[in-house]
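Trainee: Kindly generate the complete structure, drawing on both the sequences and the hints.
What follows is each chain in one-letter form.
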Amino acid sequence: MWSWLFQRITAVLLIVMLAVHLIFTHILDIGNVNYDSIGERLAHAGFIVVDIVLLAAGIFHALNGLRMVLMDYWFTSRKRAKILTAVLWAVGIAAMVYGTWALWPWIS
Amino acid sequence: MSGKTRETANVGAGLWKATGMWAWLLFRISGLILVFYLGAHIIVVSTGRWTEAGRTLNDLMKAFDNPVMVLLDLALVVAVLYHALNGVRIMLMDFGVGIKRHKLVFWSAMAVVVICFAIFAWVAFTFIATGKGVTS
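Heads up: the protein sequence lines correspond to chains A and B, in order.
For the first sequence, position 66 (counting from the first letter as 1) is numbered 66 according to the working numbering, and the numbering increases by one without interruption.
Whatever position you read off the second sequence (first residue = 1), add 108 for the working numbering.
Simulated from the structure, these hints should not be mistaken for lab results.
Values in this document were obtained by computation on a predicted structure and should not be read as measured data.
Any given hint could be a false lead.
With a straight-line cut-off of 16 Å between C-alpha atoms, the simulated EDC-like cross-links for lysine to aspartate or glutamate are [stated by the list, open to error]: (1) B:Lys240 <-> B:Glu160; (2) B:Lys170 <-> A:Asp36; (3) B:Lys170 <-> A:Asp29; (4) A:Lys82 <-> A:Asp72; (5) B:Lys240 <-> A:Asp29; (6) B:Lys170 <-> B:Asp181.
Mentor: Here it is in structure tokens:
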């Protein structure tokens, strides 16, 4: 139930934020993305929000989606599914920490 | 072949003729591609901190301007757009929209995919041909 609900909440967030992200990086800034231009974009607070939301919602949506696929094939029992969920939470938190570390020089 | 086996075989073939089944399979495949891309994307962006003044990141970004990489990027856009619009269709069905006319809703969503793709393709091919963006 919660996994279903959060998959949809993050889906809506991703559609909106990814549209902004792709318009600014791919359509308007193609061929011009580099360390400095990323810094200029992230000098605006709005883009920091976009990138952090993309990072968090993206990681949750990706790993929760992966969890649903894996539970259809190999992690079919309740016990195995619990182990899978715990492992994916660890992976997700690590990815969030690493991703925030990666963005830190531009957003701090 | 007895009548019964033939009937069973036909049910199987019929199942995969259904639009919804292909929609589901492509949704999974595009989703898995996007999970791996997200991991790669986080690592690529993090290279900004690996070397002085983002040197590794800048080298990678230059390498991604190669036409082959731009085309791969465009293929990724197809995965993103398909996954997003089929996702919208699924969320509409959660609210009861498109249960009776799911094929119409599916193909309408695919029309949006094609329109959005055309914009990204125009940008990508302009960049490959001229080395410039459409706004520069």
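Trainee: Decide, hint by hint, whether the structure agrees.
Mentor: Here is how each hint holds up against the structure:
At roughly 27 Å between alpha-carbon atoms, B:Lys240 and B:Glu160 are farther apart than 16 Å, so this suggested pair is violated. With a C-alpha separation of about 13 Å, the suggested pairing of B:Lys170 with A:Asp36 holds against the 16 Å cut-off. Taking the CA atoms of B:Lys170 and A:Asp29, the gap is near 13 Å; set against the 16 Å cutoff, the hint holds. Of the pairs offered as hints, the one joining A:Lys82 and A:Asp72 holds, with about 14 Å between alpha carbons and a cut-off of 16 Å not exceeded.
Only pairs whose Cα atoms come within 16 Å are accepted, and B:Lys240 paired with A:Asp29 is accepted, the gap being roughly 9 Å. Using a Cα cut-off of 16 Å, the hinted pair B:Lys170 and B:Asp181 holds, with the two alpha carbons roughly 14 Å apart.
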